[in-house]
Every structure is written in structure tokens, then in C-alpha cells.
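Q: This is what each chain is made of:
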Amino acid sequence: MLSKLYNHTGKAQVIGITGPPGIGKSTLIGNVSSKMADMGHRVAILAIDASSPFTGGSLLGNRIRMQESLSGKNIYMRSLANRGARGGLSESSIGSTAILDAAGFDTIFVETVGAGQADLDVMDLADTTVLVLGPGLGDQVQAIKAGIMEIADLFVINKMDRADSYFAMKDIEDTLAMDDARPFKREVVGTTIKDPTTYQSLIALMAKHGNFMRESGRIGEKRFKMGLRWMLEDELRARVIDPLMKRIPPNSEKKNYYDLMATVGQLFSENLNKVLEKEIV
Amino acid sequence: MVDGKNRSLFKDKPIKILLAKPGIDGHDRGVFVLAKAFRDAGMEVLYAGLLPTPEEVVDTAVNEDVDVVALSLLNGAHMTVFKKVADLMKQRGIDDIALVGGGTIPDEDKPSLEAMGISGNYGPGTPLSVIIEHVTRRAEEARLKKLR
Ligand SMILES: Nc1nc2c(ncn2[C@@H]2O[C@H](COP(=O)(O)OP(=O)(O)OP(=O)(O)O)[C@@H](O)[C@H]2O)c(=O)[nH]1
Ligand SMILES: [Mg+2]
Chain R
1208 MLSKLYNHTG
1218 KAQVIGITGP
1228 PGIGKSTLIG
1238 NVSSKMADMG
1248 HRVAILAIDA
1258 SSPFTGGSLL
1268 GNRIRMQESL
1278 SGKNIYMRSL
1288 ANRGARGGLS
1298 ESSIGSTAIL
1308 DAAGFDTIFV
1318 ETVGAGQADL
1328 DVMDLADTTV
1338 LVLGPGLGDQ
1348 VQAIKAGIME
1358 IADLFVINKM
1368 DRADSYFAMK
1378 DIEDTLAMDD
1388 ARPFKREVVG
1398 TTIKDPTTYQ
1408 SLIALMAKHG
1418 NFMRESGRIG
1428 EKRFKMGLRW
1438 MLEDELRARV
1448 IDPLMKRIPP
1458 NSEKKNYYDL
1468 MATVGQLFSE
1478 NLNKVLEKEI
1488 V
Chain L
1419 MVDGKNRSLF
1429 KDKPIKILLA
1439 KPGIDGHDRG
1449 VFVLAKAFRD
1459 AGMEVLYAGL
1469 LPTPEEVVDT
1479 AVNEDVDVVA
1489 LSLLNGAHMT
1499 VFKKVADLMK
1509 QRGIDDIALV
1519 GGGTIPDEDK
1529 PSLEAMGISG
1539 NYGPGTPLSV
1549 IIEHVTRRAE
1559 EARLKKLR
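Line by line, the protein sequences give chains R and L. Per my numbering, the very first residue in the first sequence carries number 1208; after that it's consecutive. Per my numbering, the very first residue in the second sequence carries number 1419; after that it's consecutive.
Worth double-checking, as some hints may not be accurate.
Straight-line alpha carbon distances no greater than 25 Å define the calculated SDA-like cross-link-like pairs of lysine to any residue that follow [what the hints assert, rightly or not]: (1) R:Lys1280 <-> L:Gly1511; (2) L:Lys1431 <-> R:Asp1331; (3) R:Lys1377 <-> R:Leu1344.
Don't read these hints as lab results, they were simulated from the structure.
Isolated chain L, as found in the complex (with noise of 0.2 Å):
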């Protein structure tokens, strides 16, 4: 498992990550899954709770000056609700916090998020090392902007 803390950008300051599922989506266990995943690959994690809009993510992902914001849904809404969030952080010029997608996402709309820039993408099932891997490097891109 990639060790977040080992890559000397992120040695004195851990990767910070956002995990969100906005809009109208009830299922919260895999995020707690999540949550516990990239906490012991050194990330300091971040839960936005139930249903939070997508500006309540992006103030909170704001305020607390987070590296990642992984956003999540399982009821198909991800290509309003994603889009949502992407657009905010375009209108509010952030530029520094990266944006991961994850759940049930079918292949035909993964190009339109990753034009959003929203990457990964990935659906249920997906190896827990690949979405670190993805979140690090995503992460990587980030502080070195905040860093410029």
C-alpha cells in the first residue's frame, strides 16, 4: 500500500481529504471503509457527513484547505451533482484542491467528469491500493500548486 506519509511533499503535512457524498444518497458504510483506509495510509481524513449540498462541500473543503475532495454516488446523480461541485470550485477559481470521483459510474460518462476534472472514477469493488495510489497522486498535483 502506498504509505502517504513517506513521499517527502507530504512529510511534515499529511495528505488532508475531503470525503463527500452529496445530494441525495443514504448509503454511508463504504465511506467509513474509505475513511478508514486512507487514514492508515497516513492521510488526515475528513467526513463531510449526510447529504451535505455541493456548497457546504466546497466551503467546508475551503475552510479546512484540503489537498483532495473525494466525492461519492451510488444513485446515478453524479453527472449533476459532480458537475455542481466542479463548477462552484471553477467559479470561485480553486484551484489547488483536487477533485476523485467514485461509485457507480458507467464508462460512458466517465470522459465528460474527467474533462470536469474529475478523475478515478472508480466503481464498487476497485482494490483499495488503486484508489490510494490514484488519491496521492492527485494529491501530489494539489500541494504542489498550493506550494507555487
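Extracted from the complex, chain R is given alone in its bound form (with noise of 0.2 Å):
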């Protein structure tokens, strides 16, 4: 089914928010999201919210922080678990905004849980990441930076209604003037819950970002391809891997493994190499 919908799909601009917890990205989402309804755009929201890998379960909190700014609004907003699947995307959230994008939703944004490999993993979904940072993060601000500022579009700092939150800024700020040549210039907003017109910025600044994408053509090509190397992945695993490991004997301590593996293999990569040869486009 899936397969079908991504014919549809490649309009909406996905928008990664990421960011140590706590930082404010749900309020954030919330506001913005309710702005941009009122500026005519559908939006959709998923919320992904770490599985506790005891229990599998998980306290979903994220919408309780939204749920104020949406009520009323005609915005779909939706928590996941990240049920431990790979990093900190929730398995799902690739398939949801393939539908949400089918749907018509025209931006799409994806909260993930604030934390290393979780971080990394959002933009291989998203056509626009952006990283939101704070006041009073110190040390841990390094840690954070280091896999994700090379790959954020975007950078937030929120919390601006407090006095530390200048240095934060100006942090990032001398970071961005190191940049080299990007075909897109990176930038960065201050945002407060106290003056909502700071987030007038940031929607100006994710549209400028979703322009860049589009007039590249390269908007939902993360997500094409992700979605495809999950399909592939698939296919492999049950039309091809799990068959052949049925195949061999129950009782090969007459067979020497080490041929049975070496027959197996070869057959696997003659077949193999007819798909390889094969012309995509």
C-alpha cells in the first residue's frame, strides 16, 4: 500500500524540530503551527515521545504541551513511541508522512526525543531540520552540536524572555560565520513564548528554507529514498533470505557448512547480479 502512496506523494515540506528535552520544542511546534493555520497552510504534527526499553511503554507528553495552541485550529496531530526502532524515529513516522503528504498536508513537522542518534536520524526524513538550543545548556550544548550542527538547516534559540540566552545566541551565531560555501545560507532565530512575534521569524525563515528545496528539486528525496531502502530491506529479508535459510537440510552434519554456504552464496549472487544489471531509469 505504501508503494502506491508515494506516487502521491513530494509536496509537503517535512520539517524536522529537534533539540535536548526540555528546550521548548513543543511549545514551539504548537505556536507556529497554529499561525501557519491561521495562514492559510494545513499542517500536521508527529510527536515522538522514547519507549521505555523495559516495558515498551511510554508516557506520551509532547500533545499536552501542543494541545492549547491547536484546539480549534483543523491542525492533525499525532504522538508516537519510538518503540526502540532504529534510533529515535519512530518505524512508523515514515509512513505517516507519506500519508499525511497524500493527504494534502502541504508542512509536516516531526518532534523528535531530544537525544544523540535520534537527532541524526530525523533528517533522514525531513527536507528542512532544524535544531532547537537554548539558555543554560553548557557543556551539554557541545555534545549535541557536535554530530548535528553540520547537518541542521536551521537553528533556534528559544527561551529567549531569559538574560543567558544572548550568549546561546551569539554562540551559534559565531559558529555560522565559519560556514563555508553552502548553497543555502544557515541562519538563526531567537523565540520566546513571551512575544509570539519572534515566531514570525522562524515560519519566514522555514519557507525561505522549503523554497530552496523545492527550486532544487530535491524536496522528499531523503524520504523517497529512506522509504525505499525500508522497502528493499524487506523484500530482501522475505523473498530472499528467509527462503534460502529454510532450504538448508535440518540434518547438514553430513554436509559440510562450509559448501552448503558457498552453494547458497553464489546462487545468491548470480541472481543477484541479473537485478544488478538491470536499467533503473
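Bring the two chains, given one by one in their own frames, into a single complex with the hints.
A: This is the structure we're talking about:
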């Protein structure tokens, strides 16, 4: 079913919002979405929470932070638990973005669990990646920046109502000043819940990046590739690996394992070569 | 304690439950105790926030595609507020989301709540394991309907 959906997708701008726990991602998404809905956008939100690795259970707490700004706005919001899937990105979120895209939403926010690999994973899905930072992160910020600074498209310093936020702002500005020639010039904006007009500049910046992606024909590209990769991996497992494993004779003491491996391996690669020789486009 | 995760129906997709105290009832603490207990039993738990309207409860339940909505009230307004939620679900043709109730509900009201499809209706002091077992059973019914 998903493969059919991909025919209809690639119009929406998927915006990944990532950053350390408690920095204000949900609050920000709630406020920004509500403004964008007023501007005539069709907005959907996927918010991913961490599952407990022990019980599999989770408290899906993001919704509660957005609820107020979303009420009566006709914005679709769905909470997902990451269920320990690759990094923090719930495996179903790739399918969900495809469905939402096909359903005609033009802007899809994805909030990720603010932790390590999860933050990197969102970038496999998003057309635009926004890294939210703020005051008082101290050394934590260095750890976060290590992996993600390179790949983020836009930066936000949230909680600008707090005095020390200017240091955080300055820090990012200094880093961005060292950006080499990039096709898209990266920028940082300050936001605060105390002054909702600050969200307007973020909206403008996200739109700017969205246009850049559209004009360069790259909107939806990463999602398409990732969806294809997962589809192929599943197919390979179901059609090739699993059946081959089943064909290994149960009583294989008589046989030499290495001979078996060689036979199966040869069968596999011969047929694979046939597939790979075919031209795709 | 029943582990929702271990029942095969919920192996890949745990029970998703929405906790709501609709209407005019400002007590919050009990909900958080329940939320944590459900989470520890392996469920994905959503909280609808303070004082959602019945419409908001149903909208959230549908958008989030939950298996169970747990309604609770301590102020005696259950017969009107719970009924409103059940009616809205019926009007919108939703039969794959189970409704359970809780709070201070007099025994004589329970049969009519049951007739609306709102089961459980446990009072304060009910062992958490009893509540979790009941929710799991209702979630199974709902999940089977979603899969049909
Ligand atoms: N002072 C101040 N507080 C804010 C601001 N934005 C959000 N907060 C508060 O920060 C806390 C966390 O906000 P959330 O929106 O839940 O943060 P989050 O990044 O989504 O958190 P997780 O999803 O748990 O990682 C809440 O208490 C918010 O009210 C802001 O601009 N200024
Ligand atoms: Mg959040």
C-alpha cells in the first residue's frame, strides 16, 4: 500500500524539529503551527516520545504541551512512541509522513526525542531540519552540536526571555560565521513564548528553506530514498534471505557447512547480478 | 501485573490509551498515578489535559487512533459527561475504540453506563492490577475490531 502512496507524495515540506529535552520544542511547534494554520497552511504534527526499553510503555507527553495552541485550528496531531526503533525515529513515522503528504498537508512537523542518534535520524526524513537550543545548556551544547550542527538547516535559540540566552545566540552566530560556501545560507533566530511575534521570523526562515528545496528539486528526496531502502530491505529479507535459510537441510552434519555456504552464496550473487544489471531509469 | 506488551496482539504495537477527565473536575493527581501504572504495564499513554470538552476527547481519540479511552470524574457529573462522549462516538460511527470509566460512581449508575458501552467504572482504592487487567481486555476487543 505504501508503494502506491509514494506516487502521490513529495509536495509537503517535512520539517524536523530536534533539540535537547525540555528546550521548548513542543511549545514552539504548537505556536508556530497555529500561526501557519491562520495563514492558510494545512499543518500536521508527528511527535515522537521515547519508549521504555524495559516495558515498551511510554507517556506521550508532547500533546499536552501543544494542546492549547492547537485547539479549534484543524491541525492534525499524532503522538508516536519510538518503540526502540532505529534511533528515535519511530519506524511508522516514515509511512505516516507519506500518508499525510498524500492527504494534502503542506507542512508536516516531526518532533523527535531529543537525544543523540534520534536527532540524526530525523534528518533522513526531513526536508528541513531545525535544531532548537537555548540558554543554560552549558557543556551539553557541545555534545549536541558535535553530531548535528553540520546537518541542521536552521537554528533556533528558544527561551529568549531569559537573560543568558544571548550567549547561546552568540555561540551559534560564531559557529555559523565559519560556514563554508553552502548552497543555502544557514541562519539562527531567537524565539520566546513571551513574545509570540518572534515565531514569525522562524516561519519566514522555514519557508525560505522550503522554497530552496523545492527550486532545487530536492523536496521529498531523502524520504523517497529512505522509504525505498526500507522497502528493499524488507523485500530482500522476505523473498530471499528467509526462504534460503529455510532450504538448508535440517540434518546438515553430513554436509560440510562451508560447501553449503558457498553454494547458497553463489546462487544469491548470480541472481543478484541479474537484478543489478537492469537499468532503473 | 498484566504486561500489555506480552500479549501477542500487542507485540509490535502496544495498547494506546487516552486518559481524560472531561467536564468540570479539576482533580489531576490520580490521573498521573494511573498514567504511570499504564506505562509500566507496557502501554502508550496519552493524557488529554485538564478539562477537555467531550468533543475534544473524541477528536483526540480518533486522531491518535487509540485503543481505549479512560474517562474519570470525581464530581458526580459522569451520567451527563460520560454519556456525551459515548453519544459522540456512536454518532461518528466509532466502534473500534473502547470506553472505560472510573471515579466516584454510585453502584446504581453502573448498569446504565455499561449499557452505553462504558465498562469498568471502578472507584478510588481499586487495585491497579484490576484496572490494568480490565483495560487490557477491552483493548483486545478494540484492537480486533481495528484489524478486521
Ligand atoms: N521561559 C520560557 N519557557 C519556555 C519557553 N518555551 C517553552 N518553555 C517551557 O519549557 C518547558 C518545556 O517545554 P516543552 O515544549 O515541553 O519542551 P520540549 O523540548 O518539547 O520537551 P521534551 O519533548 O520533553 O523534550 C515547559 O515548561 C514550557 O512552558 C520560552 O520561550 N520561555
Ligand atoms: Mg516535546
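Q: Are the hints correct? Go through all of them and say.
A: Consistency of the hints with the structure:
no. : hint                    : in the structure
1   : R:Lys1280 <-> L:Gly1511 : 23 Å, holds
2   : L:Lys1431 <-> R:Asp1331 : 23 Å, holds
3   : R:Lys1377 <-> R:Leu1344 : 14 Å, holds
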